[in-house]
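Visitor: Take a look at the letters that make up each chain.
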Amino acid sequence: MAVRFLPSADSAVIVEFGDRIDRAVSDQVLGLAARMRAADIAGVIEVVPSFRSLMVQYDPLRTGSAELIGTIRSLLTSKSALDRKRRLWRVPVCYESDFAPDLASVARQTKLAPEEVVALHSATRYHVYMIGFVPGFPYMGDLAEALVLPRLADPRIRVPSGSVAIATTMTAIYPLESPGGWHLIGTTPIPIFDTLASPPALFAPGDAVEFEAIDPDTFARIRSATERRDYRPASTEFAG
Amino acid sequence: MTAALKVVAPGMHTTIQDLGRHGYQAFGVPVSGALDVVSHRLANRIVGNGDDAPTLEILFQGPTLDVVAESARIAVAGGGAEIELMGDRPSSLGGWRSALLSRGQRFRVSRLAEASCCYLAVEGGFSVERSLGSASTYARGGFGGLEGRALQAGDLVPLMREQASERAELGLAERPQLGREQPIRIVLGPQQDHFTEAALERLAGEEFVVSKHADRMGMRLDGPLLAHRDGYNIVSDGIATGAIQVPGSGQPILLLADHQTTGGYPKIATVISADIPVVARRKPGDRIRFEAVDVAEAERLRREQEAAFQALVTSLAPLKPAADLDAVRLLDANLISGVVFDET
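Residue numbers (the working numbering), protein chains in the order written: chain A, 2 to 241; chain B, 1202 to 1545.
Simulated from the structure, these hints should not be mistaken for lab results. None of these values were measured; they are calculated from a predicted model. Don't take each hint at face value.
Stated by the list, open to error - Take a look, some chain B residues computed to stay more than 12 angstroms from chain A by CB distance:
| id | residue |
| --- | --- |
| 1 | 1272 |
| 2 | 1288 |
| 3 | 1292 |
| 4 | 1314 |
| 5 | 1351 |
| 6 | 1361 |
| 7 | 1384 |
| 8 | 1413 |
| 9 | 1416 |
| 10 | 1423 |
| 11 | 1451 |
To be verified - Stretch by stretch, here's where chain A covers chain B in the computed footprint (C-beta under 8 angstroms, at least three residues):
| id | region |
| --- | --- |
| 12 | 1215–1229 |
| 13 | 1385–1398 |
| 14 | 1441–1448 |
| 15 | 1458–1464 |
| 16 | 1492–1503 |
Stated by the list, open to error - Sample of chain A residues lacking proximity to chain B, with all beta carbon distances greater than 10 angstroms (derived):
| id | residue |
| --- | --- |
| 17 | 77 |
| 18 | 89 |
| 19 | 109 |
| 20 | 145 |
| 21 | 146 |
| 22 | 153 |
Each residue gets a CB set at the ideal place from its N, CA and C atoms; glycine is no exception.
Working from the sequences, and respecting the hints, build out all of it.
Guide: Okay, structure coming up:
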């Protein structure tokens, strides 16, 4: 699919690379995002990567759509390194029933044992496609095919922060208490969004995430360490 | 004790806002900031502040406040709202002008007659910690502004200055147009190809009404339903402020300052940047007509609006008589309503 430039009036240019969720498309989006940030183009306010497109927000008093599209075109073909090293995160998750309100129903619907659901969920290395919906909410994929389910027919009004959830081909962590329609299969003791941190979200688009099953005692120990700001989840740099 | 405005009654939804929180949408953080950036900036300019100084954004019904400082210079802009002095000699000072208030003065911002929002600025600005680079309140996320929430009775909103500077009070020679009747200009897209021809015609040809489901995130519009060509789910992508997204019901939602950064409904069109403040001023029950323009025209209209703003700022003139509170009060109470200008 050819790259398309779609206007959002005189506020943004949407650079669209595809119409589906796809790792190769995501890499194109994140590559352009990194080059745009590195180029620091006059009049560009910020760039917002999502599954299949990059929204380039601009100040129409400082630049114009036509000029900006020309600049973006030249960056599409240039090759340069990412501005931020990608990180691989290991995230502790308690999948015990008290921490996983929908694990039994997910097991039933997927015709798997709960232990098999947990084993599948924690065996995959996920790609952070984008962050959206609420501050810090990471869309991570792709889920093992056996775990793919539609969203809940009846979304919850309140999902607790830290809930680890699945829906369609994605998994996510709820950073704040919010409404939500995903299946809750575990809880992580670590906060993934903090306005005092820089950047405020633990993961950035393009990072990788693996989940590690922990028991309730470990959950309690990590939670109290995070409350004392005495815990950093393990992460390593990796080549995207 | 530190200088502050004390909240006696908070109004309907009064929050601290500035020009918004830029640079964090990639982490899912909405931009927030003033709904009506033009009135926010004007309020600031009238008291001599820069554009990004935090103001109080007041929705529908104004707060009652006490001055807890040696003196404070305030201004209200937008919405047809006026500053009303309370106490033993109540009087109205009008809007679009600065006023010097002394310690203990109780005042309120009148009911907004003409728009959903107005802005109260104080010389020097409010002193609140910036969260992710901005003082703007994002109430859903619980951060920014004063403890991440709307003002409540008893709050002390801290001021940067203990005392106002010595200078003449300023006012606008002419009340700015709020654009209550003007069409709202849009550019089709980014996903207009997800809609039927009939939907595109209805959008630009028929009338919509702001429903009661309207807040800082956006406004649901009553009126003709907009039909999708095939299905209403798209793979989530970024949302610009002013985007008009259409969920499965066909009822459009016009997204404003606190909107989510990404979403999975197609966006039929986007309001041009110059008209975002204009449409944000509309209240539930107000009518909206859309008019399609192209991007080049949108950019031209924005430059034109900015030139008009600069002309307004240049037109700020000292009020007659000069900045003496009692004189101003006397004038307002006995002679006129509104503002008298030095003609010389």
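Visitor: Honestly, which of those hints from before does the structure not fit?
Guide: none
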